[in-house]
Amino acid sequence: MAYLNCTNLTAGYGSGNIITDCNLYADIGKVSAIVGPNGAGKSTAMKAILGLVNLSRGSVILDGNEISSLSPQDKIAEGMAFVPQIENVFPSLTVEENLEMGAFLRKDEITRSLQEVFDLFPALGDFRRKKAGDLSGGQRQQVAVGRALMTQPRMLLLDEPSAGVSPIVMDSLFDMIIKVANSGIAVMICEQNAKQALEIADVGFVLVQGKNRFTDTGKNLLANDQVRKSFLGG
Amino acid sequence: MLDLVNALTLLANFVLIPGITYGSQLGLGALGVTIVYGILRFSNFAHGDTMAFGTMVTILLTLWIQSLGITFYPLPTALLMVPFGVVITTILVLGIDKAVYAHFRQVNAPPVMFVIASVGVMFVLQGLIRLIIGPDDQSFADGARFILRAREFKEYFGLSEGLSIKVTQLMSLVVTFLLVISLFWFLHRTRTGKSLRAYSDNRDLAQLSGINPDRVVLYTWILATALATIAGVLYGLDKSFKPSVYFQLLLPIFAAAIVGGLGNPLGAFVGGFVVAFSEITITYAYKRFFAYLLPEELEPTTLLQLLGTEYKFAVSFLILVIVLLIRPSGIFAGKSA
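Read top to bottom, the protein sequences are chains C and B. The first sequence begins at 134 in the numbering used here and counts up one residue at a time. The second sequence begins at 5 in the numbering used here and counts up one residue at a time.
If you're looking for bench data, these hints aren't it; they were derived computationally from the structure. One thing to keep in mind: the hints can contain errors.
Said to hold, decoys possible - Pairwise CB distance ranges, derived in the manner of DEER restraints:
hint : chain 1 : residue 1 : chain 2 : residue 2 : range
1    : C       : Asp259    : B       : Gly124    : 48 to 54 Å
2    : B       : Asp208    : C       : Leu253    : 22 to 28 Å
3    : B       : Asp208    : C       : Arg261    : 22 to 28 Å
4    : C       : Ile161    : B       : Val128    : 53 to 59 Å
5    : B       : Gln309    : C       : Ile219    : 51 to 57 Å
Computed from a predicted model, the values in this text were never measured in an experiment. Every residue, glycine too, gets a C-beta built ideally from N, C-alpha and C.
Chain B extracted, bound-state conformation:
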């Protein structure tokens, strides 16, 4: 019995909690992608680097107020600076929209032109980020580190396995939930939110109802950029900030958005968890888990790992391939045909 509890604690500590954390972060990222896809009708490849840019701005502001001696203990100081990071990044993104995407909207370009343009934006953002903050790892998490420490948990319950919950982990989950709830409230209860959904449903009819497309575009970018920046900061606090990692996050984020059905916010959120848990359960080494459950003579000698962690992106790819083959419109039937 104790072995079973130990085994489950082990799984909770190394699969469940990291999965929930990573899933919330991916879900937020995927929400941004799916909103741009649903309303502006293109896959925004610059989303990962928008996340990186927003995080970078937040880090720089955080370093600055830390140097003034301001902190936000027990929460990370960066949390205070997120709103400013969002505002500055939104200004940049709106500038990009005016300089790049507005032209393609004007000439009614096909979606693929927007996608290619967004790849260009992605490269420019990458360069900009490396110019400003450099390509290296930045750790900017401060404040209290743990809500629940593994050692305390072990001693309290008399187990040999510990369970730890980091502040950043709980924060990811709580912030994501609050954001998702307020996003849904906005989209379903406010006049502006409904107009965004209407525009996403049927552009021509939206215009015939007097909905101003420029306004819709403006609100869409504000929403997507806010989601991207917050997702980026949460991820950076939980792990660390490295520009190239944010670019690589694009793959699991798109996988999450596509699994849920592109253009469907609820789907993107759920998709984030699907991808996160697939990645973690497939790359986790189950040796110790089974060591608890099986009799000693059957104890596994190998790591019992389905796939090395260096292959974790293969999981996203695999999910993408499977979804596109079996259910191209995603679990919740998005807009992609």
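Same shape as in the complex, but just chain C:
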């Protein structure tokens, strides 16, 4: 079984369900990508996994343990980390303080992890004393991912990492996501930018109107005519 296995996720805000019976999974060292048109419920699916949106049905199994009833904080303690799409840094804290906050629950020495993040994002090292709110969109995104990595997660969830980032930065961001996965972390991203996301994805989920439409390897999905025509613009 996959490291993170979500079955029959059904969730939404208020009375209506935005996603129905979604099945998603992710594995250590692999990238899973949730793609689909606007309003397909990509973000909602991810938030439902974390418990930020109430789950009305379905199960979330992390490393063999059923965790769907845990609060978001307890899921963080279980080794999950989440990078929201917006407001994903502490703007008035410095870059270094942002990273320290990611390590809030850790009792061990964090200097090494800090160094690892600065190795992964060399640009941040130069700005470590700068306020995160003063950084550019791409740099902020790096701080956001860095903060999440500081929790030492086994499972990293990224909500639209490429939103508000310039095309050049986007490429390096996707490279970085592969690097993170290769370091022994299960990565799940949901992306508006379907083509690029599927290029780096080991497995892709195409959601339409809150339901699984296609599930396959990223490569197969890119090669699939139907997927290409409907979601990738030909």
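Once you have looked at the hints, place chain B on chain C.
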């Protein structure tokens, strides 16, 4: 030349020193307000009465140990009892939080509900204080009164104007500085302090980082209550303790916090001085000051007072209006949009 020195001494004695004293006291009060606003996201109208309650507890404890014959000469005895006043008041405030605010946090109520709830808390505290200590003036300052006496200063320098510095005035300044420095150290250098700032910045992300909101709330109330009690005791020592005056202090305190940018501790501190100096310079009568500087035939016949002291609260109002019109986020850009 001597006239100029006399004029400046006069100003130092009646504007500069009282301004610094009052400014420190307001700054401490505003720090408490701004911390609650920045972290718990509401304007706490009960802050003035929290100050009064803390001061009252300190006064009662002071009277008690004075009756045992313990004093703290040359400093006021009340200083010894401040830590106990802080502890007792904090216990009360945490109880109030559990009984009142915790519920509104649970249901994720909008800030205005918290504000109204805090008005309720304010009334209850006012009643409680009047029940326990009564509505009258209490003078509880003892110990040495002056560091520098006006008469000695006059004789020493051969001036006709004196400069006096009261123990309570210097104490206000020194205590405020120590508190502000340690508060900033706490917020910027300790893990807990950083977590408070992180929570203030972005609640959801703080929770996603594993920061426990209950802890944040607890520390916030402890900080705010300690600041309120100390500010109240300093003010009471310098002037006197009267419950209704503490309630009225709410206005200049909020003005100070808003001038500095609500939610910004440095701003609140600076705002305290801005409001204090505006109030004092506008209500001071400059007749004698100009009498020194101008030739005899031009000597002013009126008081040269811009506004009577009974209107001093109008100054805070005016500052509030001007700031909200021109720079709603305050000098240092706080969190209020």
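Check each numbered hint against the structure and report the violated ones by number, ascending. The structure breaks none of the hints.
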